[in-house]
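Colleague: Here is what each chain is made of, one letter per residue.
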Amino acid sequence: MAYKKSPQAFKASINAVTIGTGDSAVTLGGENVMPLYTFDAPIEHRPAVGIAVSDTGIRTDLPKLDEFYEGATTLLDRAQKAAQLKEADFLSIVLDAADPNGDNRSVEDCVAEVKAIADAVDKPLVIEGCKNVEKDTELFSKVAEALQGKNVLLLSAREENYKTVGASTVMAYQQKMGAESADDINLAKQLNVLITQLGVDPGSVVMNVGTAAAGYGFEYVVSTMDRVKSAALEQNDGMLQMPIVTPVASEAWTVKESLVSGDDIPEWGDVEERGIQMEVTTAAACLASGSNAVILMHPESVKTISAFVADLM
Amino acid sequence: MYTIIFKQEDGPESKVFADTGANLLELAQQAGVAIDAPCSGNGTCGKCRVRIMSGSVESKQTMHITDDEWEDNWRLACQSTVSGDASIWVPATAADFKKGIRTAGLLSPAEMERYLRDTGRIFSSGLTRGVDQTGLGVAIDIGTTTVTAALIDLASGEVKGKASAGNGQIRYGGDVINRIIQQSRPHGVEKLRHAVREETIIPILEELSVQAGAATTDITRCTIAGNTTMQHLFVGADAQSIRLEPFVPEFLELHGKTAADLGLPIAPDAPVVFAPNVGSYVGGDISAGVLDTMMWDSDELTLFIDLGTNGELVLGNRDYLLCCACSAGPAFEGGEISCGMRATDGAIEEISIDDATHEPRYEVIGGGKPLGICGSGLIDTVAELFHCGIISPKGRFIHDEPRVIRDEYGTAEYVLAYPDQTEHGKAVTINETDINNFIRAKGAIFSAVRTMLKGIDLPTSSIERVMIAGGIGSGINMANAISIGMLPKIGLERYGYIGNSSLTGACAMLVSKDAENKVFEIGRNMTYLELSTYPGYMDEFVAACFLPHTDASLFA
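Keeping their order, the protein sequence lines are chains W and D. In the working numbering, each residue's number is its place in the first sequence (first place is 1) plus 124. In the working numbering, each residue's number is its place in the second sequence (first place is 1) plus 135.
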């Protein structure tokens with residue numbers, strides 16, 4: 125009997141969420157098939173790749189990274205360099221220095237810097253906080269106000285601060301928000317329910333359902349993303365149809381494989397190569413599991429993943 | 136060596152000698168001074184508050200002691216150690232459990248009557264009455280929190296006396312896990328045994344014999360229902376294996392025990408029959424309770440839920456019985472709830488909150504001023520707060536409003552009764568931690584139901600009857616319990632409250648050898664599902680920790 129292909133396109137689809145404005149705007153999600161299953165139905169918006177720049181500077185032990193950012197002394201400089209990378213669909217500003225337990229940079233300083241970047245680059249912007257709930261709440265509110273009209277994505281609100289973040293970013297200034305939960309489909313859905321009950325349009329929300337570096341309990345990530353997509357598409361669960369944005373950089377570059385110098389463990393080889401491999405592997409796994417966008421730190425990783433996506437589309 | 140004097144508000148003064156570094160709570164327990172410590176001295180429950188009258192102790196301030204109270208020399212006994220001579224004042228509230236023992240009537244007679252339902256129904260099913268012994272018999276339900284007993288004339292089946300008291304072990308921990316840990320400490324076996332036998336059961340037996348105008352030695356037969364841990368602690372068996380993987384208890388059934396073996400002051404050769412345990416966390420209280428539900432003799436698919444200090448569930452009918460325990464915790468008995476209490480006088484058992492004004496209206500057991508909230512009141516409170524939009528589906532307060540007050544740490548609470556409206560002059564409130572504990576408890580129950588149904592691949596709608604037992608109180612509002620996702624959404628007419636099924640089952644076993652054999656048969660035929668290692672249970676649990684549920688369609 126001849127092989128008969130039966131495409132598995134679903135009636136339900138993932139929400140399409142656009143960030144940025146004009147020609148450079150990028151749309152996340154929108155597909156009605158399982159991750160990367162272009163053979164079931166066309167995927168209009170290919171998974172996006174973002175490049176992250178942190179306000180705490182760059183690592184000095186990675187020569188290729190140094191070379192890429194050569195001459196860039198400020199966050200604005202680095203952001204401009206990163207934005208020029210044509211493989212990057214969007215730029216993510218990571219405001220690590222705002223952490224009260226770290227440099228404790230003032231909200232005003234952070235906002236002024238982000239504003240300057242927004243004026244200087246035309247790539248869509250994602251703003252990542254410092255992971256301190258109170259500080260992030262204030263940061264997101266102020267950034268949303270300062271970048272009115274830029275359609276930026278604030279990453280991300282958590283259960284502790286979704287009310288303020290939702291009201292002050294999406295509802296007041298029509299920005300996009302992320303909803304962050306820790307590798308649990310139920311917690312992810314619960315947060316989405318809470319956010320939409322607040323009056324936030326589900327079409328303005330993306331999810332960060334959590335990730336891990338490849339090999340660090342990544343089965344949980346696969347299982348969570350996989351089930352989120354199944355529920356969204358097969359069961360038409362509107363509270364799980366938000367596209368998934370996964371900040372891979374912060375996980376991939378903080379494990380020992382990406383930190384220990386090649387001088388310390390010669391048989392492991394060059395640390396930069398290792399880190400890039402870690403980042404690429406993790407990002408590819410996230411995309412295969414259901415992420416609609418990944419955020420990476422190393423320009424080499426961005427190029428590799430961008431080519432990977434292009435090949436699959 | 137220093138001298139420590141304990142002055143009890145409602146008891147005698149005790150003097151003990153101790154070295155530097157001795158723990159105050161342990162000293163009090165040694166001295167026979169009753170201080171509750173449901174958390175077994177971890178500093179988490181805040182129940183062991185004492186006041187240093189003179190002298191000094193080394194102590195650490197915890198969240199349970201405010202700065203003002205600290206200044207006023209209030210300390211947690213479990214967090215204090217001896218550093219010199221001291222005189223310690225022990226308030227009456229430190230030993231709530233004693234109240235039950237003194238009055239031997241934690242439950243009102245009417246309540247006992249209701250709990251101890253006519254065992255006649257059990258004997259209309261083909262089981263016959265009759266045992267080898269004559270004279271009086273006593274059926275005892277050893278609960279983790281409350282011990283209840285009935286004295287019965289073995290020949291006529293007439294109830295000659297009823298009594299209940301708080302389980303004296305409560306000062307070694309509110310839940311079974313803490314008690315098992317306490318048992319493993321030096322002299323733990325004897326201490327826990329003494330607390331339940333000498334301090335609880337023997338006074339009850341004496342009270343019962345007074346009621347019946349008989350001697351305790353006239354009692355010639357005894358049946359005991361109790362969870363697996365309570366049975367282990369009572370007979371002095373090592374309970375560690377209940378707590379540790381693979382969770383296999385020392386024994387499921389005990390045979391051939393007499394009163395003399397167990398140190399009970401009834402006729403020495405009186406047989407003591409223990410209702411059989413099914414697993415580590417489904418014990419004889421459940422096998423005896425199943426007898427009472429009659430589900431073993433019915434074609435209807437029945438769900439039996441015992442909401443005690445833990446939640447146990449049995450699902451099945453005459454063809455099969457599936458059971459499991461879920462760690463619901465003591466919330467339904469008022470435990471781990473700041474203003475929680477059992478369903479006795481002074482407990483708010485019913486609440487409604489005005490949708491517009493958000494003002495509460497409540498019913499108090501006994502009709503007086505409120506002292507606290509019992510399990511059924513808690514269900515109503517959470518349901519009403521949720522329906523009025525005062526709390527979010529996660530159980531957090533949404534807005535600040537007149538009755539919602541925030542403390543300095545940002546934890547909000549809803550005031551049910553202001554200090555001038557209560558019996559004890561302290562506000563009765565429910566805070567976010569309480570609501571969170573409650574949501575976990577209700578999530579544990581509901582996810583257990585879902586897991587069992589999944590295990591036998593049946594839909595929720597196939598449940599034809601739900602029987603609720605336990606200390607939650609008959610005032611439980613099933614519609615509210617369903618609306619917050621604690622119980623499955625099926626017709627209200629299928630729900631019923633059956634009181635203390637464990638004691639009723641033990642009574643039937645007391646007067647009928649036939650019923651005794653039936654309980655053993657039930658125990659052996661039940662399939663035990665260990666949820667802690669069951670794949671998918673945690674997912675179900677997290678999904679159920681939301682109001683009403685993460686999958687709202689289950690309650691639509």
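By construction, these hints were calculated from the structure, which means they are not laboratory data. Check each hint, because a few of them may be wrong.
Pairwise CB distance ranges (calculated) [what the hints assert, rightly or not]: (1) T668/D to P326/W: 35 to 41 Å; (2) Q272/W to T668/D: 24 to 30 Å; (3) E558/D to V231/W: 45 to 51 Å; (4) E204/D to A291/W: 51 to 57 Å; (5) G181/W to E206/D: 46 to 52 Å.
Here are the simulated SDA-like cross-link-like pairs (lysine to any residue), alpha carbons at most 20 Å apart as the crow flies [claimed, not checked]: (6) K287/W to T546/D; (7) K529/D to A291/W; (8) K529/D to R282/W; (9) K259/W to K624/D; (10) K589/D to G362/W; (11) K135/W to E168/W; (12) K259/W to E543/D; (13) K266/W to N285/W; (14) K529/D to G362/W; (15) K259/W to V231/W; (16) K624/D to T546/D; (17) K135/W to R351/W; (18) K287/W to D535/D.
Okay, the calculated bits of chain D under chain W, using three or more residues with CB under 8 Å as the criterion [claimed, not checked]: (19) 515-529; (20) 671-679.
By construction, the Cβ of each residue, glycine as well, lies at the ideal position given by its N, Cα and C atoms.
Colleague: Each hint needs a verdict: does it hold in this structure or not?
Modeller: These are the hints, each one checked on the structure:
Checked against the hint of 35 to 41 Å, the pair T668/D and P326/W passes, with Cβ atoms roughly 37 Å apart. At about 53 Å, the CB distance of Q272/W to T668/D disagrees with the hint of 24 to 30 Å. Distance hint check for E558/D and V231/W: the Cβ-Cβ separation is about 49 Å, which falls inside the suggested range of 45 to 51 Å. In this structure the hint that E204/D and A291/W lie 51 to 57 Å apart at CB is violated, the actual value being about 38 Å.
Hint check: G181/W to E206/D, Cβ distance near 48 Å, so the stated range 46 to 52 Å holds. A distance of roughly 16 Å separates the Cα atoms of K287/W and T546/D; the hinted pair therefore holds under the 20 Å criterion. Distance check on the hinted pair: K529/D and A291/W sit about 18 Å apart at the alpha-carbon level, within 20 Å; holds. With a C-alpha separation of about 13 Å, the suggested pair K529/D and R282/W falls inside the 20 Å cut-off, and the hint holds.
The straight-line distance between the Cα atoms of K259/W and K624/D is roughly 42 Å, outside the 20 Å bound, and the hint therefore fails. Between K589/D and G362/W the CA atoms are separated by roughly 24 Å; this puts the pair beyond 20 Å, and the hint is violated. Only pairs whose Cα atoms come within 20 Å are accepted, and K135/W paired with E168/W is accepted, the gap being roughly 15 Å. In summary, the hint linking K259/W to E543/D is supported, as the alpha carbons are separated by about 19 Å, within the 20 Å threshold.
A threshold of 20 Å between alpha carbons decides the hint, and for K266/W with N285/W the separation of about 14 Å falls inside it, so the pair holds. For the hint linking K529/D to G362/W, the alpha-carbon distance of about 19 Å falls within 20 Å, and the restraint holds. This hinted pair checks out: K259/W and V231/W have alpha carbons roughly 8 Å apart, not beyond 20 Å. This hinted pair does not check out: K624/D and T546/D have alpha carbons roughly 32 Å apart, beyond 20 Å.
At roughly 17 Å between alpha-carbon atoms, K135/W and R351/W fall within 20 Å of each other, so this suggested pair holds. For a cut-off of 20 Å, the pair hint linking K287/W to D535/D stands: about 14 Å separates their Cα positions. With a cut-off of 8 Å between beta carbons, the segment 515-529 of chain D has 3 residues touching chain W; three or more are needed, and the interface restraint holds. With 3 residues having a beta carbon nearer than 8 Å to a beta carbon of chain W, the segment 671-679 of chain D meets the requirement of three or more and the stated coverage holds.
Violated hints for the displayed structure, listed by number in ascending order: 2, 4, 9, 10, 16.
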